[in-house]
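Taking the hints into account, I'd like the entire structure generated from these sequences.
Read top to bottom, the protein sequences are chains A and B. For the first sequence, the positions run 410 to 644 when our numbering is used. For the second sequence, the positions run 410 to 644 when our numbering is used.
Treat the hints with care, since some could be wrong.
In silico PhoX-like pairs for lysine-lysine, Cα to Cα no more than 20 Å straight-line [claimed, not checked]: (1) B:Lys538 to A:Lys534; (2) B:Lys534 to A:Lys495; (3) B:Lys593 to A:Lys539; (4) A:Lys495 to A:Lys473; (5) A:Lys534 to B:Lys539; (6) B:Lys495 to A:Lys473; (7) B:Lys534 to B:Lys593; (8) B:Lys534 to A:Lys534; (9) B:Lys495 to A:Lys495.
If you are wondering where the hints come from, they were derived from the structure by calculation, not from laboratory data.
There are 2 protein chains.
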Amino acid sequence: MTYELYYWPEIQGRGEYVRLALEEAGAAYVDVARGPRGTHVMMKMMDAHKGTPPFAPPFLKTGKLVIGQTANILLYLGSRHGLAPKSEAGRLWVHQLQLTVADFVLEIHDTHHPLGPSLYYEDQKPAAKKRTAEFWSERVPKYLGYFEQLLTDHGGAYIAGRRLTYVDLSLFQIVDGLRYAFPKRMKAFEEKIAGIVGLRDRIAARPNIKAYLASERRIPFNEQGIFRRYLELDG
Amino acid sequence: MTYELYYWPEIQGRGEYVRLALEEAGAAYVDVARGPRGTHVMMKMMDAHKGTPPFAPPFLKTGKLVIGQTANILLYLGSRHGLAPKSEAGRLWVHQLQLTVADFVLEIHDTHHPLGPSLYYEDQKPAAKKRTAEFWSERVPKYLGYFEQLLTDHGGAYIAGRRLTYVDLSLFQIVDGLRYAFPKRMKAFEEKIAGIVGLRDRIAARPNIKAYLASERRIPFNEQGIFRRYLELDG
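Written out as structure tokens, the structure reads:
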């Protein structure tokens with residue numbers, strides 16, 4: 410069974426958390442919107458008047474099932490591909506962590522779009538500066554401090570316990586994204602999350618992830634995605 | 410088995426989506442933080458260094474299980490209490506919709522806190538005005554238009570299909586919250602979501618919900634919650 414992933418073809422965005430899981434699992438998938446007329450097909454599926462039309466990309470098609478919302482897709486993939494426990498309690502715990510990652514991702518996006526997702530960054534620069542200052546003084550320490558503590562409490566290997574889960578892959582993406590978007594701020598902050606940084610390195614060195622990152626399937630970071638490098642926001 | 414719900418005792422907030430599900434189900438639960446020293450107990454559980462400490466309230470304790478993240482709690486409760494399908498495909502679909510509600514709730518919160526959750530509203534009024542304008546011109550039509558279309562496509566009775574789910578209860582809360590926070594704007598908008606408004610009325614008339622809304626267990630809307638009535642934002 411080949412999965413069909415639907416996401417905007419120009420950015421990593423929220424699709425990247427799904428891509429990392431599919432790649433680590435060695436699962437067969439097509440990144441549909443990167444192919445010919447793929448975006449057109451994606452838009453039509455969102456406009457479907459039957460079945461389970463998603464509100465927004467990413468979504469995953471597997472057989473007749475169409476699954477939307479990043480964390481929901483990972484919930485589906487996790488226990489099927491050894492990236493989450495099989496027990497209900499374990500699945501809920503890992504999903505809970507992923508939903509916290511999702512909240513953090515939304516706040517990361519809001520650093521450059523505090524006045525709303527439909528306005529241009531250029532039209533909200535002063536607000537973006539204020540939001541970014543609050544983000545780094547309050548929110549980054551709160552979110553990454555939480556994950557660092559969890560990692561420590563669980564022995565330092567993986568965030569949810571003794572085994573790799575999709576949340577570890579997402580944290581790799583968070584660290585690399587923050588490094589891209591805020592190189593100076595992140596450099597100063599990393600000493601506070603030594604465990605997470607070590608985890609990031611171990612994820613990057615996993616054979617499937619390493620091969621993925623070196624491939625053309627990995628879209629480079631850019632200023633259309635979640636993590637945007639605007640030097641004026643880097644303090 | 411009596412559930413223990415943990416949430417800030419002064420507000421409806423995100424805890425309300427869980428309360429509505431527990432009330433509709435007629436499930437036995439204690440709203441722990443509303444009792445003596447309850448907030449203290451809640452804070453200690455979040456600071457636990459073993460088990461599954463949540464990042465933030467609400468969370469639900471059932472036996473030894475502690476489940477965080479609103480949508481995750483509803484995922485757990487849904488199929489146990491007839492508020493979601495039992496099939497995996499059905500559960501994923503309803504959960505997907507709830508995650509879209511959660512995204513909308515976050516955007517509702519950002520109308521009064523565009524520069525960050527840790528700053529006072531009074532320190533971000535001009536930004537809040539801009540964000541609110543974008544919210545009503547772009548985001549409300551997009552989110553509520555999506556749900557209205559789904560409801561129509563599914564025959565008009567319930568949002569996810571033929572039977573009541575926890576998402577219907579959440580949409581009740583969204584309508585009532587928007588009516589509270591933005592009475593003028595919402596009054597003008599409601600003609601575009603006649604189906605959702607009808608659904609809201611049917612939910613409000615369900616015996617368990619009706620009894621709940623008339624009880625002291627329902628905390629009134631106020632200016633510490635998600636939905637805040639600031640007249641200057643009501644256009």
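- [ ] Against the structure, test the hints numbered earlier, and report the numbers of the ones violated in rising order.
- [x] Hint check: 2, 3, 4 fail, others pass.
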